[in-house]
Amino acid sequence: MHTGVESPRGVWWKPAHKAEKVWVVLAFAWCMVLFAMMPLWHWKGGQNPSGIRARVEPEAFRVRTDEFIATYKVGEEDNGIPIVEPPPGSDIYLLGQMWLWTPSLRLQKDAEYTLHLSSADVNHGFSLYPLNINFQVVPGYDYGLRVTPTEAGDFRIVCNEFCGVGHHVMVGRIEVIDSAAAATDEAAEELVLSAPEGDEGGDR
Amino acid sequence: MKGGFRICPTTALRVHRQADGLIKANAVAATVLLLVGGITGLLVLLTRWQAVHLLDAVMFYRVLTIHGMSMLIFFIIFFEMAILYFAGPVLLNSRVPAPKLGWSMFWLMVLGAVMVEWTMWTGRADVLFTSYVPLKAHPLFYLGVILFAVGTLITVAVFFGSLVVAKREKTYEGSVPLVTYGAITAAIIAVITLVHGAAIYIPTFLWSIGIGNVDPQVYRMVWWGLGHSSQQINVAAMVAVWYLLGALTVGSVVINEKISRTAFVLYILFISMASAHHLLVDPGMGPTWKVVNTSYFMYMAVLASMIHGFTVPAGIEVGQRVRGLTKGMFEWLRRAPWGDPGFSALVFSVIIFGFVGGITGVTFGTEQINIIAHNTLRIPGHFHATVVAGTALAFMGVTYYVIPLIFRKKVAFWPLAKIQPYLFAFGMLIFSVAMTFAGTFGIPRRHWDMTFSDALFDVQFSPAVNLVVTVMALGGLIAALGGAIYILVTVWSVFLGQPMEGDATYVDARSS
Numbered sequence: 001m002h003t004g005v006e007s008p009r010g011v012w013w014k015p016a017h018k019a020e021k022v023w024v025v026l027a028f029a030w031c032m033v034l035f036a037m038m039p040l041w042h043w044k045g046g047q048n049p050s051g052i053r054a055r056v057e058p059e060a061f062r063v064r065t066d067e068f069i070a071t072y073k074v075g076e077e078d079n080g081i082p083i084v085e086p087p088p089g090s091d092i093y094l095l096g097q098m099w100l101w102t103p104s105l106r107l108q109k110d111a112e113y114t115l116h117l118s119s120a121d122v123n124h125g126f127s128l129y130p131l132n133i134n135f136q137v138v139p140g141y142d143y144g145l146r147v148t149p150t151e152a153g154d155f156r157i158v159c160n161e162f163c164g165v166g167h168h169v170m171v172g173r174i175e176v177i178d179s180a181a182a183a184t185d186e187a188a189e190e191l192v193l194s195a196p197e198g199d200e201g202g203d204r
Numbered sequence: 001m002k003g004g005f006r007i008c009p010t011t012a013l014r015v016h017r018q019a020d021g022l023i024k025a026n027a028v029a030a031t032v033l034l035l036v037g038g039i040t041g042l043l044v045l046l047t048r049w050q051a052v053h054l055l056d057a058v059m060f061y062r063v064l065t066i067h068g069m070s071m072l073i074f075f076i077i078f079f080e081m082a083i084l085y086f087a088g089p090v091l092l093n094s095r096v097p098a099p100k101l102g103w104s105m106f107w108l109m110v111l112g113a114v115m116v117e118w119t120m121w122t123g124r125a126d127v128l129f130t131s132y133v134p135l136k137a138h139p140l141f142y143l144g145v146i147l148f149a150v151g152t153l154i155t156v157a158v159f160f161g162s163l164v165v166a167k168r169e170k171t172y173e174g175s176v177p178l179v180t181y182g183a184i185t186a187a188i189i190a191v192i193t194l195v196h197g198a199a200i201y202i203p204t205f206l207w208s209i210g211i212g213n214v215d216p217q218v219y220r221m222v223w224w225g226l227g228h229s230s231q232q233i234n235v236a237a238m239v240a241v242w243y244l245l246g247a248l249t250v251g252s253v254v255i256n257e258k259i260s261r262t263a264f265v266l267y268i269l270f271i272s273m274a275s276a277h278h279l280l281v282d283p284g285m286g287p288t289w290k291v292v293n294t295s296y297f298m299y300m301a302v303l304a305s306m307i308h309g310f311t312v313p314a315g316i317e318v319g320q321r322v323r324g325l326t327k328g329m330f331e332w333l334r335r336a337p338w339g340d341p342g343f344s345a346l347v348f349s350v351i352i353f354g355f356v357g358g359i360t361g362v363t364f365g366t367e368q369i370n371i372i373a374h375n376t377l378r379i380p381g382h383f384h385a386t387v388v389a390g391t392a393l394a395f396m397g398v399t400y401y402v403i404p405l406i407f408r409k410k411v412a413f414w415p416l417a418k419i420q421p422y423l424f425a426f427g428m429l430i431f432s433v434a435m436t437f438a439g440t441f442g443i444p445r446r447h448w449d450m451t452f453s454d455a456l457f458d459v460q461f462s463p464a465v466n467l468v469v470t471v472m473a474l475g476g477l478i479a480a481l482g483g484a485i486y487i488l489v490t491v492w493s494v495f496l497g498q499p500m501e502g503d504a505t506y507v508d509a510r511s512s
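From first to last, the protein sequence lines stand for chains A and B. Numbering follows my numbering, in which position 186 of the first sequence is assigned residue number 186; successive positions increment by one, without gaps. Numbering follows my numbering, in which position 347 of the second sequence is assigned residue number 347; successive positions increment by one, without gaps.
Hints may contain errors.
Computed from the model, here is a short list of chain B residues facing chain A with C-beta under 8 Å [claimed, not checked]: (1) Tyr-172; (2) Asn-256; (3) Phe-452.
No farther apart than 25 Å at their CA atoms in a straight line, the calculated lysine-lysine pairs in the PhoX-like style are these [as the list claims (entries may be wrong)]: (4) B:Lys-258 with A:Lys-14; (5) B:Lys-136 with B:Lys-24; (6) B:Lys-2 with A:Lys-18; (7) B:Lys-24 with B:Lys-409; (8) B:Lys-327 with A:Lys-18; (9) A:Lys-109 with A:Lys-44; (10) B:Lys-24 with B:Lys-2; (11) B:Lys-170 with B:Lys-100; (12) B:Lys-167 with A:Lys-14; (13) B:Lys-170 with B:Lys-2; (14) A:Lys-21 with B:Lys-258; (15) B:Lys-100 with B:Lys-167; (16) B:Lys-2 with B:Lys-136; (17) B:Lys-2 with B:Lys-258; (18) B:Lys-327 with B:Lys-24.
Some chain A residues judged to face chain B by a derived CB distance under 10 Å, without partners named [unchecked claim]: (19) Ser-7; (20) His-17; (21) Val-63; (22) Tyr-113; (23) Val-122; (24) Phe-126.
These are calculated hints, taken from the structure and not from any lab test. This structure is a prediction, so every number in the text was calculated from the model and none was measured. The beta-carbon is built from N, C-alpha and C at its ideal position, and this holds for glycine as well.
For reference, chain A alone in the conformation it holds in the complex (with noise of 0.2 Å):
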């Protein structure tokens, strides 16, 4: 018997002891069984970024942004950035800059689009909110991900990726409407936006 600081004499080259030897093979089947998990749950979960991944200049992103803003605006704008309102399974551009989400998407609810992500700039961090879903928006590289919203609300992007020093204050918005009941939920949504509740924070 020796401690961790002496050297040990001879060969130390042992077999384990029953009770190390259960516990190895113990941890090793673990590790296994997460190993197995990872692959599996890519195919069968469908939880996973599709992968449609292309390089891009940022200018030729934010000119693709500028020109799917063009064809999709719907002429309402929300605090100075264009609403868009994209056909269904059509391709959607969201460009993250210097502290803006361009522009704020109106989706529809059970519909499918091609989310393509990109920075004007630096690095930026898409998380989606209440749903807590984060992607990394990084420039050069063209982020593509089929999206089906599947519940109607009023969403947030979040920023969460340090972007310089009006970081926090990049928030850009996604509203997805259901429209066999359009109407009612807009209606609701006027309702929820006006709540008095967003200016608490204010005094920091």
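With chain A's structure known, arrange chain B on it following the hints.
Chain B alone, transformed into the frame defined by chain A:
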């Protein structure tokens, strides 16, 4: 340079004068940077605690950058250099092979650290710890990191040299001790890490002075080869310190050298791929690359930690039983030296690192869970349990032995030192768990204002968040108190403490 050895009255090890000096210098530098990192950490905490919200946005991001660099790079690597001088020359009864080189590299590291600190404090590097390109810092920021890394790399080479010298001069018999073996693991991982660091910081430095370009995605990939792998130096060094503390506090036994050493080898082989889990929701890499790197390779490194998580406590139990504490199942645990801060730090380090840090880390390394955890407070919740409650706490524990054995001073304020690991571990546990919970609500990390008062659109987190963040802040304050006591005790003992009794004169090697 003066040489000569003293015989340690406690351990009977032959300690080289230069090993003593270099351990002291690196430990003092580590403590100074721990103080810088601790004060800035407290400021970060008092700002994120929305009820206080102390700093303005500019200062918050600046101080957060300083906290990250001072703790994760400077404090911890200086301390690890001290560990290398201990695990090499001291444990092997050998001399430091190139003391002049060792000292110049120490001063090079100090210079690099000072350059980086200067750029950060003067607002020339508000880019956070990760400094993701194309955020740009002052060129001296990158140059400082490069100089620090070069100093570290050559100090690691001096450590490898000490192994060769000890072997050639036959200062030990048989194989190197397990603690030294663990330190060798940490040193090899350090080399891998620092090569990544050079591969990314040199092009980034050139880019910052206007030469060439750095792709943001490539930067993220190679940078994490440094950023995460450097945490693996910490893991390997921490596990070596676990075995060391086990030996020093209760004479714990190495149950099976083969198992423990194989586990260390698993770290070397697989742990650098684990840094791929930082890129799980990145656009640049495909699913196959992500699954292979984070799943298969990372789990083999996890296996290594699972093994040490068994052998360290088992070694303590067997060691205690050998000393006669054999009654029942738990006499060995009940009658363990709970008043020895080295022992309590060891126990809490193993438990919090494994059960909080380890489990959260492994789950975040899964593609699907990463989607709901990436860049939320769950991430710092995880790594405060690993690096702080795990590594830093183990290093604090070993300090209570470094002070009498190397500095030859009595530990001052002993009653405070006894409770220090309890305070720090308890505070850090509450802090990390609450932070992790806060992250499950989607609260971003690295964020100045979670009320979004100046944002274009309102974001209303669940009111439960305020409670969780308050709990987090209280845990952080308790941990900060524990950290302050640690610094008080170490600084007072080293500079104003009573010298230990016993002969500590250095005798030239040839005459002894």
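Taking the closest Cβ pair, is Ser-7 of chain A under 10 Å from chain B?
holds (4 Å)
For the pair supplied as a hint, Lys-2 of chain B and Lys-18 of chain A, confirm whether the alpha-carbon distance does not exceed 25 Å.
Violated: Lys-2 of chain B and Lys-18 of chain A sit about 51 Å apart, past 25 Å.
Proposed proximity, Lys-24 of chain B with Lys-136 of chain B (alpha carbon, max 25 Å):
Violated, at roughly 36 Å.
Do the alpha carbons of Lys-100 of chain B and Lys-167 of chain B lie within 25 Å of each other, as the hint requires?
holds (21 Å)
Need the status of pair Lys-24 of chain B, Lys-2 of chain B: alpha-carbon distance at most 25 Å?
holds (16 Å)
Assess, step by step, whether the Cα of Lys-109 of chain A is no farther than 25 Å from the Cα of Lys-44 of chain A, and give holds or violated.
holds (23 Å)
Checking hints one by one. Is Asn-256 of chain B an interface residue toward chain A, by the C-beta closer than 8 Å rule?
holds (5 Å)
Hint check: Lys-258 of chain B vs Lys-14 of chain A, CA-CA at most 25 Å. Holds or violated?
holds (7 Å)
So if I understand the rule, the pair passes when the alpha-carbon distance is 25 Å or less; does Lys-2 of chain B with Lys-136 of chain B pass?
violated (45 Å)
Between the alpha carbons of Lys-327 of chain B and Lys-18 of chain A, is the straight-line distance 25 Å or under?
holds (22 Å)
Restraint status (C-alpha distance of Lys-170 of chain B to Lys-100 of chain B at most 25 Å)
Holds, at roughly 23 Å.
Can you confirm whether the C-alpha distance between Lys-21 of chain A and Lys-258 of chain B stays at or below 25 Å?
OK: Lys-21 of chain A and Lys-258 of chain B at ~12 Å, within 25 Å.
Against the hints set out earlier in the document, violations occur for numbers 5, 6, 16, 17, 18, 21, 22.
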